[in-house]
Amino acid sequence: MTINTFSQVIMSPLLSRLSVLACAAALFFSLRKKDAEGRSGSFLVIIAFLVVRDTFLAVVDLPGAPYLTDLLYFSLAAFMVMAPFERSRLMLIATMAVNAAAAGLYVAYAYAGVLPSLPAAAFPLVPVADALFVAASGAVNASDRGDGSSRLMSESWPVVFACLGAYAAAAFFLGYESAVFVRLVVPASYAWLLVVALIDLRDHDAETIKAVSYYEESIDSLYNLTFRVGTVLKGSFTTEDVLASMNEVMIAETGADGGTIYLVDEFDDIIVAKAYAGTFPPPFPLPESLPRKQSRIESYLRHAQFRLGETVLGDVAKTGKNVYSPDTANDPRFAALRAEGANMGEDFLRTSSFMAVPLMVEDKIIGVSAVARVGSGEQFDEAAFDRFKLLANFGTLAVSNFFSFLAANERSAIERSAGIAAEIQSTIIPKKLPQFPSLAIGAFTSPARGVYGDYYDVLRTREDRVVGVIGDVAGKGVQAALVMVMIRAILHLITNTNKDIATVLDWVNRGITGKIDMDHYATLAIVALNVATGELEYANAAHQPLLVYRRSTDTIETIETKSVPIGVERANEYRRKALRLYDGDIAVLYTDGIVEAMNEQGKQFGRKSLGQAVARNRDLAPKEIAGKIKSELSAFIGGARQHDDQTILVFKMKL
Amino acid sequence: MELKIRKNGNNYIIDVNGEMDLYNSYKLKELVMKMLEKKVERFIINLENVDYIDSSGIGALIYICSTIKKMSLKLIITNIHGSVKKVIELTKLMGYFPITNSIEEAILQMED
Amino acid sequence: MADKTYLSDIKEIRVDENSPLFDKTGMLYKEFPSDYRQIRYFTLLIVQSAPLEIKEINLLEQQISEVIKNGVKHGNRCEASKKVRVWYSFDSTHAHLIVQDEGEGFKDLEKWNEFNRNRLEILSAQDFEKLSDYVSFRTQKSDDNDGGNALFAALEYWNGGFVFNEARNAVAMLKSFPQKKHAIG
Numbered sequence: 002m003t004i005n006t007f008s009q010v011i012m013s014p015l016l017s018r019l020s021v022l023a024c025a026a027a028l029f030f031s032l033r034k035k036d037a038e039g040r041s042g043s044f045l046v047i048i049a050f051l052v053v054r055d056t057f058l059a060v061v062d063l064p065g066a067p068y069l070t071d072l073l074y075f076s077l078a079a080f081m082v083m084a085p086f087e088r089s090r091l092m093l094i095a096t097m098a099v100n101a102a103a104a105g106l107y108v109a110y111a112y113a114g115v116l117p118s119l120p121a122a123a124f125p126l127v128p129v130a131d132a133l134f135v136a137a138s139g140a141v142n143a144s145d146r147g148d149g150s151s152r153l154m155s156e157s158w159p160v161v162f163a164c165l166g167a168y169a170a171a172a173f174f175l176g177y178e179s180a181v182f183v184r185l186v187v188p189a190s191y192a193w194l195l196v197v198a199l200i201d202l203r204d205h206d207a208e209t210i211k212a213v214s215y216y217e218e219s220i221d222s223l224y225n226l227t228f229r230v231g232t233v234l235k236g237s238f239t240t241e242d243v244l245a246s247m248n249e250v251m252i253a254e255t256g257a258d259g260g261t262i263y264l265v266d267e268f269d270d271i272i273v274a275k276a277y278a279g280t281f282p283p284p285f286p287l288p289e290s291l292p293r294k295q296s297r298i299e300s301y302l303r304h305a306q307f308r309l310g311e312t313v314l315g316d317v318a319k320t321g322k323n324v325y326s327p328d329t330a331n332d333p334r335f336a337a338l339r340a341e342g343a344n345m346g347e348d349f350l351r352t353s354s355f356m357a358v359p360l361m362v363e364d365k366i367i368g369v370s371a372v373a374r375v376g377s378g379e380q381f382d383e384a385a386f387d388r389f390k391l392l393a394n395f396g397t398l399a400v401s402n403f404f405s406f407l408a409a410n411e412r413s414a415i416e417r418s419a420g421i422a423a424e425i426q427s428t429i430i431p432k433k434l435p436q437f438p439s440l441a442i443g444a445f446t447s448p449a450r451g452v453y454g455d456y457y458d459v460l461r462t463r464e465d466r467v468v469g470v471i472g473d474v475a476g477k478g479v480q481a482a483l484v485m486v487m488i489r490a491i492l493h494l495i496t497n498t499n500k501d502i503a504t505v506l507d508w509v510n511r512g513i514t515g516k517i518d519m520d521h522y523a524t525l526a527i528v529a530l531n532v533a534t535g536e537l538e539y540a541n542a543a544h545q546p547l548l549v550y551r552r553s554t555d556t557i558e559t560i561e562t563k564s565v566p567i568g569v570e571r572a573n574e575y576r577r578k579a580l581r582l583y584d585g586d587i588a589v590l591y592t593d594g595i596v597e598a599m600n601e602q603g604k605q606f607g608r609k610s611l612g613q614a615v616a617r618n619r620d621l622a623p624k625e626i627a628g629k630i631k632s633e634l635s636a637f638i639g640g641a642r643q644h645d646d647q648t649i650l651v652f653k654m655k656l
Numbered sequence: 035m036e037l038k039i040r041k042n043g044n045n046y047i048i049d050v051n052g053e054m055d056l057y058n059s060y061k062l063k064e065l066v067m068k069m070l071e072k073k074v075e076r077f078i079i080n081l082e083n084v085d086y087i088d089s090s091g092i093g094a095l096i097y098i099c100s101t102i103k104k105m106s107l108k109l110i111i112t113n114i115h116g117s118v119k120k121v122i123e124l125t126k127l128m129g130y131f132p133i134t135n136s137i138e139e140a141i142l143q144m145e146d
Numbered sequence: 175m176a177d178k179t180y181l182s183d184i185k186e187i188r189v190d191e192n193s194p195l196f197d198k199t200g201m202l203y204k205e206f207p208s209d210y211r212q213i214r215y216f217t218l219l220i221v222q223s224a225p226l227e228i229k230e231i232n233l234l235e236q237q238i239s240e241v242i243k244n245g246v247k248h249g250n251r252c253e254a255s256k257k258v259r260v261w262y263s264f265d266s267t268h269a270h271l272i273v274q275d276e277g278e279g280f281k282d283l284e285k286w287n288e289f290n291r292n293r294l295e296i297l298s299a300q301d302f303e304k305l306s307d308y309v310s311f312r313t314q315k316s317d318d319n320d321g322g323n324a325l326f327a328a329l330e331y332w333n334g335g336f337v338f339n340e341a342r343n344a345v346a347m348l349k350s351f352p353q354k355k356h357a358i359g
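Residue numbers (the working numbering), protein chains in the order written: chain A, 2 to 656; chain B, 35 to 146; chain C, 175 to 359.
If you are wondering where the hints come from, they were derived from the structure by calculation, not from laboratory data. Everything numeric in this text was worked out from a predicted model, so none of it was measured. One thing to keep in mind: the hints can contain errors.
Stated by the list, open to error - Within a straight-line C-alpha distance of at most 16 Å, the following computed EDC-like cross-link-like pairs (lysine to aspartate or glutamate) qualify:
1. A:Lys365 - A:Asp269
2. A:Lys294 - B:Asp146
3. B:Lys104 - C:Asp307
4. C:Lys247 - C:Glu330
5. A:Lys294 - B:Glu36
Claimed, not checked - Computed spacing ranges between beta-carbons, pair by pair:
6. A:Asp266 - B:Glu36: 53 to 61 Å
7. A:Ala337 - B:Gly129: 46 to 54 Å
8. A:Asn331 - B:Arg40: 48 to 56 Å
9. A:Ser144 - C:Pro352: 54 to 62 Å
Every residue, glycine too, gets a C-beta built ideally from N, C-alpha and C.
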């Protein structure tokens with residue numbers, strides 16, 4: 002073993018070999034980023050090995066080392082070429098074994114003098130054999146393009162064989178000492194690494210181009226879809242129009258013969274057909290009673306409904322799983338169709354290919370889209386299925402935006418109407434109650450859910466007459482508010498007359514009946530008070546009875562009449578009751594929500610407690626009495642919910 | 035509740051609008067009886083705009099259905115939905131009434 | 175508090191004075207005069223406090239109106255002085271109702287059960303010819319406005335039980351609603 006000098010190293014073939022290896026290494030380094038399978042790393046290992054070996058051998062003259070390292074080099078190369086292929090497993094093992102055996106034998110032969118009769122020329126045959134193994138493996142697997150490594154090796158094995166073969170042949174024929182071998186053949190033969198790297202680069206590019214063209218096509222389809230659906234939205238649109246448009250796009254972009262879209266019903270667990278176009282053979286057995294005529298079947302399919310889980314479409318709607326049946330005729334899932342025979346009898350009923358996907362908005366399944374091909378037409382391929390899924394996602398987005406728009410519209414309509422109702426009510430609830438020297442009036446009202454359903458008013462009809470009204474309109478919202486407005490308008494008109502209070506109520510009723518729905522009936526109670534004399538008239542339309550507290554006897558009287566609400570029957574006649582209030586007497590009008598207010602134990606406040614509350618506070622002004630009743634009520638209810646509006650109107654005589 | 039009649043060939047379509055309840059279901063009965071007197075033979079009752087029906091409404095439909103059956107004439111009820119469909123299902127009369135999902139199918143079925 | 179998970183045999187109307195469905199704790203209360211014209215109005219007053227999700231558009235309202243109608247028309251013979259008393263309780267998982275009238279009670283209850291049994295047998299045999307005789311339950315007191323089919327639906331709808339008291343002039347019923355409306359899978 003000798004160590005060479007620096008100039009000897011420079012003069013050696015090392016530099017030419019290193020330059021080839023450097024280029025190859027550069028290429029593999031840049032490939033590492035794209036390489037998912039890690040083979041660039043393996044090639045870099047081989048290159049590193051060669052760099053180390055060549056540098057070492059340039060510096061140190063170790064006899065036998067070139068041959069031994071060659072065996073290792075060829076093993077590595079053979080591994081790279083054969084490893085991706087199942088079929089070459091045995092060949093690979095054989096190559097490795099032969100090389101290992103040759104290496105061992107050579108060491109024994111060269112250093113231990115074993116088997117001296119062995120011709121020295123035998124050994125360089127081993128790399129030649131390796132090269133032939135590479136060729137054999139390459140030839141056998143030439144058409145295997147399964148994964149990246151297989152494809153690469155199938156494409157590059159000729160180059161690898163040529164370079165390794167040349168190297169091995171030159172080593173055999175020219176010998177390791179030959180200048181041609183050492184200076185020309187060896188560096189040149191490293192070129193296989195360069196070529197393999199370039200082929201790999203080319204392969205990666207081809208894949209990128211393929212992906213780009215796929216995305217280009219997808220974007221085209223999406224544009225088509227958005228354009229179609231958008232065009233419909235510009236006109237006057239119904240759900241059916243929008244879905245019909247989407248359905249047509251699904252059919253066109255998948256090359257289907259027909260398609261249909263079903264939507265899940267809002268309130269029921271069923272799906273309903275909303276769009277249907279082309280020839281769509283039903284992917285489920287038809288009802289027996291349905292005549293097998295095309296017009297009948299189409300008509301049936303255009304309006305069909307199924308429960309969730311019923312038929313393949315109901316199943317998709319229930320489970321959210323895609324159905325892809327490229328070859329329906331041989332698909333076991335559609336065996337029922339074939340078994341039935343009836344469906345398959347007619348040409349237009351023969352499904353040859355079928356796909357169905359759920360339409361999802363976030364996590365909710367809102368419908369199903371399905372397309373099919375008939376007869377013996379082409380089948381849907383994976384690309385069509387991919388396209389179908391893509392369009393279903395985007396189509397649903399577009400459609401659901403439309404629905405959200407509708408819902409938001411409705412909501413804002415409801416909110417607008419609630420706002421209107423609240424405004425109306427704020428104008429008709431009295432802001433100030435008239436007061437008289439002989440009569441004081443107080444009130445409090447507390448709505449249960451924002452918008453009032455209770456109505457009350459106090460009208461000064463004449464010098465000495467005041468009319469108090471309290472009412473409860475069923476329902477909430479603008480309609481209820483309008484009923485209140487109507488009642489108030491009529492009252493203001495007629496209370497100026499000197500008709501008695503029962504007639505007033507009759508007129509209100511006649512004015513209202515027939516103009517409102519039964520869900521907006523109103524209960525009403527009216528008192529008319531003569532502030533000078535204390536004479537009180539009372540009429541009632543199904544409202545809570547009048548409560549009168551008598552100061553002189555410290556008792557509560559309940560005044561009631563049997564009656565029906567306003568709005569039920571035009572000809573209804575209301576009756577009145579007359580009485581007289583004396584100094585200190587208190588008359589109270591109130592709504593259901595007061596006496597029916599429940600505490601956490603489920604007990605109702607009740608008329609008796611109301612009476613007692615009035616009696617307890619009999620010395621206070623009506624406004625304060627109302628306030629005290631309000632706080633007693635809150636205390637009574639405690640933590641329970643208030644489920645009805647509470648209104649109370651208090652009159653106190655001070656004669 | 036409003037009742038409107040239109041014709042499609044020999045088929046008379048009664049469009050019912052509103053609610054079929056204990057106060058107004060008799061109106062549908064009366065109308066059909068009148069039409070029977072006028073020798074109408076094919077009835078399609080369209081409940082597309084009916085979103086409420088109670089036992090009186092069902093009773094009216096039963097009465098109409100049995101009368102028409104007895105006279106060997108034809109009746110189809112269409113476009114039931116929502117709670118109307120639910121009530122008919124609860125009363126287990128889905129198979130008893132001749133029902134189709136749409137007027138289009140009803141007209142085709144009349145031809146059978 | 176009544177046990178809201180009490181389930182009854184849905185194939186017949188039962189008489190059970192001691193049913194937990196008659197436990198009125200925690201229930202709201204309203205009473206009405208027996209005015210035929212106001213049956214739907216009364217129903218509205220009751221059902222307006224139910225949460226939206228159990229109303230099923232208006233199915234709950236319709237089922238309640240039938241029971242109140244029976245109380246007003248058949249129990250109290252539409253006499254305005256007689257009252258119909260209603261206890262009710264609603265939340266997102268159940269609807270619980272007790273309706274009581276001042277009448278003599280549902281005397282034909284057993285006949286009704288037998289009629290219904292026959293009806294269900296004919297239905298399962300799919301014999302639509304015979305079914306025509308069993309689509310409407312009529313007594314001597316039935317008139318043209320009685321559909322005679324309300325209780326068939328009621329027994330199906332009130333899946334938590336539909337029971338009468340001994341006197342058969344009060345009926346208690348419960349409907350349970352599943353928690354989730356539409357889950358995937």
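Give me the numbers of the hints this structure contradicts, sorted from smallest to largest.
Hint check: 4, 5, 6, 7 fail, others pass.
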